[in-house]
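**Q** 1 is the number of the first residue of the sequence shown in full-length UniProt numbering; add one for each residue after it.
What the hints contain is simulated information worked out from the structure, not anything from laboratory work.
Treat the numbers as computed from the prediction; the structure is a model and nothing was measured.
It cannot be assumed that every hint is accurate.
Unchecked claim - Cross-link-like lysine-lysine pairs, in silico, BS3-like; alpha carbons within 25 angstroms at most:
{"id": "1", "residue 1": "329", "residue 2": "315"}
{"id": "2", "residue 1": "102", "residue 2": "119"}
{"id": "3", "residue 1": "171", "residue 2": "221"}
{"id": "4", "residue 1": "119", "residue 2": "89"}
{"id": "5", "residue 1": "316", "residue 2": "331"}
{"id": "6", "residue 1": "89", "residue 2": "102"}
{"id": "7", "residue 1": "316", "residue 2": "329"}
{"id": "8", "residue 1": "119", "residue 2": "73"}
{"id": "9", "residue 1": "73", "residue 2": "89"}
{"id": "10", "residue 1": "171", "residue 2": "119"}
{"id": "11", "residue 1": "73", "residue 2": "102"}
{"id": "12", "residue 1": "293", "residue 2": "315"}
Stated by the list, open to error - DEER-style ranges, computed between Cβ atoms:
{"id": "13", "residue 1": "243", "residue 2": "75", "range": "44 to 52 angstroms"}
{"id": "14", "residue 1": "204", "residue 2": "265", "range": "16 to 24 angstroms"}
{"id": "15", "residue 1": "61", "residue 2": "286", "range": "53 to 61 angstroms"}
{"id": "16", "residue 1": "57", "residue 2": "108", "range": "19 to 27 angstroms"}
{"id": "17", "residue 1": "234", "residue 2": "195", "range": "22 to 30 angstroms"}
We treat Cβ as the ideally placed atom computed from N, Cα and C, and that holds for glycine.
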Amino acid sequence: GMGNSSRKEAQDEGGEEKEKKVKEKGDGGEEEEEAAEKEEEEEEEVVEDEELPLGVDELLASGDPVLDLSYYKFRRLPRQVLDLEYLEKLYVCGNRLRDIPKGITRLQGLRTLALDFNKLDDVPLCVCQLTNLTCLYLGSNRLMSLPPEVRNLQNLRCLWVESNYFQRFPKQLYDLPNLRSLQIGDNRLRTLPSDLWRMESLRGLWLYGNRFQEFPRVLLKMEHLEILDMDRNRISEFPNLHHLPALRLFSYDHNPVKEPPRVGEEVLIVGEGAEEVLQARERRREAKERAEKEAEEAAAAAAAAANPVIHGILKKLRMNSALNLAAAKEKETNESVPSTGDENGPQNNDEEAESERQGVAFDEAELGYDDGGLEYEREELICEGEGYEGYGEADLEYERAEMDYEYEGEEQEQP
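Produce the entire structure from the sequences given, and follow the hints as far as they go.
**A** Right under this line is the structure:
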């Protein structure tokens, strides 16, 4: 998904070795696995450390506050991790964890914990005691709800629970005053609670791949919302979204709509018919800019006609910049010839005078100013360094940043 790729750069190195190592261990059947885990839980204190996959010892010993143990197929978190009290970010995505050991509460410095792509049926209560967490990733597990204890995570800013089994919106989140991003796409929501507006800090809300058949009206009260993603639902019409003054990105792709929803000029939209809307908006913007520029130029011409002195000043400025340029070029050529420090001072003064004389000659010959012309009424006295001919033809191209969404974990069955 959008957030996952950035986290996974570190995992590519040594990936093959992990795979080999895991294959050697072989995969037991699910039932054996569950039985073994029950025993483990009972004797959690005496159980021996599993042999760690290649390279993990070094990671644990590195002292790095960021630890990435993703995609090692761990069935339980290696207990050595629980001693690393300096950890700030812990990534254990793509393993086979059904639970997290209580000892994780020792890691009170944790700011980011990523548990996505595991086998969690519930959010482990010990995770709810990591009160300094700002980002918690729980996507692609087996969650249907959140425990009341999630309220302890008062510093949480970013919660991802995409690709789970939520059928109703977890209202416990109302008690998290700093929650800015909620990613709850690919779940089974059909409605949102009518008092969702209480989540006043929320800036980004991802609801793609749920079961909405109509646009939840409560969203119209969420005036601080900047990003709203409703891709892949079953919504056939959208209300006017001008009511959302903060909105900057709205995605409605893969819904059975007849026409794009109406949004403010500053909102980027993604979906059927969006391209045409954005192009028309761009044309309006360009026409407006042209009109403004022409008005400015007319005003400048009128001012110049009223006051010919301005011409003289502009001309002088142009001449001076040409002289300075010629002098600078001359100086560069001289300085590239090595000479001793002593000679430098006096000799340069003569040179400057000389280059100024040359500059005047160069200037009159090359730039051929004709006094009558209104050539320099443009107020942008831009000196690029080369002659001034090509200026003005430089095309300004605007490339619209295409926003590509990828969604992961779509292997979930749809009833």
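**Q** All the hints need checking, so say for each whether the structure fits it.
**A** These are the hints, each one checked on the structure:
For the hint pairing residue 329 with residue 315, the CA-to-CA distance comes to about 21 angstroms; that is within 25 angstroms, so the pair holds. Between the alpha carbons of residue 102 and residue 119 the distance comes to roughly 17 angstroms, so the proposed pair stays at or under 25 angstroms and holds. A distance of roughly 17 angstroms separates the Cα atoms of residue 171 and residue 221; the hinted pair therefore holds under the 25 angstroms criterion. Using a Cα cut-off of 25 angstroms, the hinted pair residue 119 and residue 89 holds, with the two alpha carbons roughly 20 angstroms apart.
Taking the CA atoms of residue 316 and residue 331, the gap is near 22 angstroms; set against the 25 angstroms cutoff, the hint holds. With a C-alpha separation of about 18 angstroms, the suggested pairing of residue 89 with residue 102 holds against the 25 angstroms cut-off. Note on residue 316 and residue 329: the hinted pairing holds, with a Cα-Cα distance of about 20 angstroms set against a maximum of 25 angstroms. Restraint check: the Cα-Cα separation between residue 119 and residue 73 comes to about 11 angstroms, which is no more than 25 angstroms; the hinted pair holds.
Using a Cα cut-off of 25 angstroms, the hinted pair residue 73 and residue 89 holds, with the two alpha carbons roughly 19 angstroms apart. At most 25 angstroms may separate the alpha-carbon atoms for a hinted pair to count; residue 171 and residue 119 meet this at roughly 23 angstroms. With a CA separation close to 20 angstroms, the supplied pair residue 73 and residue 102 stays within the 25 angstroms bound. For the hint pairing residue 293 with residue 315, the CA-to-CA distance comes to about 22 angstroms; that is within 25 angstroms, so the pair holds.
The given range of 44 to 52 angstroms is respected by residue 243 and residue 75, whose C-beta atoms sit roughly 49 angstroms from each other. Roughly 21 angstroms separates the CB atoms of residue 204 and residue 265, a value that falls within the hinted 16 to 24 angstroms. Distance hint check: the CB atoms of residue 61 and residue 286 are about 59 angstroms apart, consistent with the given range 53 to 61 angstroms. In this structure the supplied range 19 to 27 angstroms holds for residue 57 paired with residue 108, their Cβ-Cβ distance being about 24 angstroms.
For residue 234 paired with residue 195, a C-beta distance near 24 angstroms keeps the hint of 22 to 30 angstroms intact.
Comparing the model with each numbered hint stated earlier shows that all of them hold.
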